[in-house]
Amino acid sequence: MAQGERGRAASPIRVALRRRARWLHGDTALAVLVLLPSIIAVAIFIYGFIVWTGYISTVKWNSSIEDYTSVGLENWRTLFGMERFRWDLRNLVLYAAAFMSQCIIFGFLIAVLLNQKIKGEAIFRTIVIFPFAVSGVVTGVAWRWLMQPTTGINLILQRIGFTNFDFQWNADPTLGILAISLAAGWQFTGYIMALYLAGLRGISDEVREAALVDGASTYRLYRHIIIPLLMPVTFTAVVLTGMGSIRVFDLVMILAGPAFSTDTLAFHMYQATFGQYRWSLGAALGFLMIFLSLFLVVPYMRSMRGEVER
Amino acid sequence: MKGLNRVSWLLVLVLIFSAALAACGGDKEEKVAGNLEIFSWWTSGGEVEALQAVYDIFSEKYPDVTIENAALASGQGQGGNMKALLETRMLGGEPPDSFQVHLGRELIDSHVVADRMEDLDFLYEEEGLYDVFPEDVIAIASYEGKPYSVPVNIHRSNVMWYRPSRLAEVGVTEPPATWDEFFDVAEKLKAAGIPALAIGEQGAAGGFSGHIFENILVSVMGPEKYRGLFDGSTGWDDADVTKSLEILNRAYDYANPDFANTSWGDINDRFVSDDGPAMMIMGDWTHGVLMSLGFKDYHWTVAPGTQGLFMVLSDSFGLPKNAPDRENAIAFLRVIGSKEGQDAFNPIKGSIPARTDGDRSKYDEYLNGAMDAFKTDEGVPSIQHGAAAKQSFLVDYDIALGELSTNHDVAKVQQLLVDAAKAAEFGE
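Protein chains in written order, with my numbering: chain A, 51 to 360; chain B, -4 to 423.
Among the hints, erroneous ones may be present.
To be verified - Just so you have them, the derived chain A footprint on chain B, three or more residues with Cβ under 8 Å:
| no. | stretch |
| --- | --- |
| 1 | 76 to 87 |
| 2 | 139 to 151 |
| 3 | 185 to 191 |
Claimed, not checked - Once the Cα atoms are required to be at most 16 Å apart in a straight line, the calculated EDC-like pairs of lysine to aspartate or glutamate come out as:
| no. | chain 1 | residue 1 | chain 2 | residue 2 |
| --- | --- | --- | --- | --- |
| 4 | A | K110 | B | E164 |
| 5 | B | K407 | A | E124 |
| 6 | A | K110 | A | E124 |
Claimed, not checked - To give an idea of the chain A side of the interface with chain B (calculated C-beta under 10 Å), a few residues:
| no. | residue |
| --- | --- |
| 7 | G104 |
| 8 | T108 |
| 9 | N112 |
| 10 | R134 |
| 11 | P199 |
| 12 | D222 |
| 13 | A266 |
| 14 | Q326 |
| 15 | P349 |
| 16 | M351 |
| 17 | S353 |
Don't read these hints as lab results, they were simulated from the structure. Backbone N, C-alpha and C define an ideal beta-carbon position, used for all residues, glycine too.
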């Protein structure tokens, strides 16, 4: 600060002003100012509307006429009493289990294979990650053709000798949702593979060599060193695929099976809201989906904070 | 450090100003005069050309108006995506100038009762539409005595398309006229390994069964009792509903075996394939589709047991309140209600005009037959196509029939229908 100021009586106001001025000129001020628009946007358009959705789920707006009469938890009671809702939860569990394990197991295995310093690795990597670049709707249509029981996969397998192979795939009235998770897994495995590959590249060769010198078998090397070191990646993969399972919509829209066999929370929400104008019921479903996501997001945030502190 | 900060500040200011400028620019553009935004779900062959024929007439009359054709592919059900987008725009107070909507409850329960539409009494008077549209049609278009949309066409739901060569394979020369006859023929076809009825039920609340079921309902209970299903005078727990469900449930046994994997969009390809089904109950837009596929081996009759009835559905356009270009929208409604507009649209779309004075020479054999039937037969409103019941009921109805096609539990499905009718508050 200016030399001349020294020696003058420092009035409290002046000190405060100077402090403020310093704050204003600092990088913090700039950061706040730059971030302010997005902070405001996120506050209104994400958190504000989450609260609004919660509020709408407690009113009587279940037709095309807006109606803000409070009905308490009536919409929630209706929702929990619906057979369709029980199917949605069942399908969520089945889908999440199948989709997450597919992505993580195959993503990891492919990443390990690609990490063996093979020739043409870039080509294989591109092939595996490519489905991720395809939109869900295109994936859905392609898989619908593949799963057509009289053509597609069934026909191929029947032609090569498995004459009894007659799967109903997505049209199966009980397990159709698993067929949809196949299509989703095909699409998302490449992305998880990329995460693991980056993780594997981050493990230094010294660690491997040290383990091998100490006589660890390849199995023990992965079991006790590499997989534990990749835990943060696995955690990220679980969160990403878990969120994907809660909100799956596009594939279900295209590959829908009979009755509620492939119904999901997101599709139910869409149909209730925009097909039937049951806005309050749709809001309850949306709010529930956010709530379910918290079980994944909160532990993730915590672990992130732990990592930063470390 | 100080210099860098100054540059950063400058950048921030530039960003803020450009954002503000962009916002102002957006405001200005919306007020360009001479626009006409028309919402529809007409995006496939035939439909696009038909709509364009109307636009051409409009542009000739009003060359200064720029038409914005906001067509959105249908998605699930008829116009599912477009209806969802429309609903958000109507709620947000930013309606298009006019939009396609099924004549009847679909418009009335979605938008008229919510006080978002202008009544078109004045337009019907000025254009003399009260005299040229049949009374049945005006009644379906009206709410509390006033019409709310202008029907551009009439489609018939209760048509059965059949392949004479497939029936001939089992020695049948005439298509079945009742459901009993249908099952006799179906049994013969099944013995010969031919699916009797085309069904495409794939898709959430697909609606193909819903289309067949409305035709079974009216054949079993007759038009009076059928109409009563929607004003509360006939209960959905009626024995005739049970009987209708049993007929549909039995029909699945004679359908193409992959009906659960076949979507509504794919069923026509299945119908025309060499090993395709012998019969299909579907609306008369099928005629245009089959022609466009180059298929010749088909003929048509009314759906079993619906002789003398005309299951009506109609596409129409209405006038939303606060339409940004109200005058242009009214001019458009005049064109689509005119004889010229309807005779340009319908031969291409494969439908008959809602007006009774259409120019017969412009329509083909099927459509001329439909025009005759429309004059003499009794009109009944279609459920599946938005004329008889509100949108929310339709979705529940399709969900219930999807359940029937999957689990074949008649009692459970009837209970679902009863619940749906209760939720729809018929007759209250």
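> Looking back at the hints listed earlier, which ones does the structure fail to meet?
Replying inline: As far as the earlier hints go, 2, 3, 4, 5, 7, 8, 13, 15, 16, 17 are violated by this structure, in ascending order.
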